Amino acid sequence: VGINFVTRNYGISWYGSGPELSLCMEAIYGSDLDVLHWDFSALDGPKDYRLALWAERAAVHPSKPILFMMDSKMSSRYDIFSRFEEQGMGTVFVDKMAMDVLRTRIPGDE
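Residue numbering for the sequence shown follows the numbering used here, starting at -4 and increasing by one per position.
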């Protein structure tokens, strides 16, 4: 098919999504992104404004990456994340609770 897939882990221990990582995306992640994955629920906790800042900054990133997020649809962050798709951004949301249920149905995955 000729697709060159490169993944980079830019995880920084004990950093939330904002403001540092949100405001410096291009300097930290580079200017050639196709996908950004928000994985800060443990550190951002109830500070939903951090997700909003992160996604807003991703929206103005030069490469316009697709945003991925895994969280619960019961979370207030889901509503924030959903707004970005409504505004025309590419987003993929994976419901963590649904994935947990699915995992229990996979044979041999106890």
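There could be a bad hint or two in this list.
[To be verified] Okay, derived cross-link-like pairs now, DSS-like style, lysine-lysine, Cα gap no bigger than 30 angstroms in a straight line: (1) K68 x K91; (2) K68 x K42; (3) K91 x K59; (4) K59 x K42; (5) K42 x K91.
Hint data in this document are derived by calculation from the structure and do not stem from the laboratory.
These numbers come from a predicted model, not from an experiment.
Quick rundown of the hints versus the structure:
The hinted pair formed by K68 and K91 meets the criterion: a straight-line CA distance of about 8 angstroms does not exceed 30 angstroms. The suggested pairing of K68 with K42 holds, with an alpha-carbon distance near 16 angstroms, which does not exceed 30 angstroms. Distance hint between K91 and K59 is fulfilled; the C-alpha atoms sit about 25 angstroms from each other, no more than 30 angstroms. Of the supplied pair hints, the one linking K59 and K42 holds, its CA atoms being roughly 24 angstroms apart against a limit of 30 angstroms.
For the proposed pair K42 and K91, the alpha carbon gap of about 19 angstroms is at most 30 angstroms, so the pair holds.
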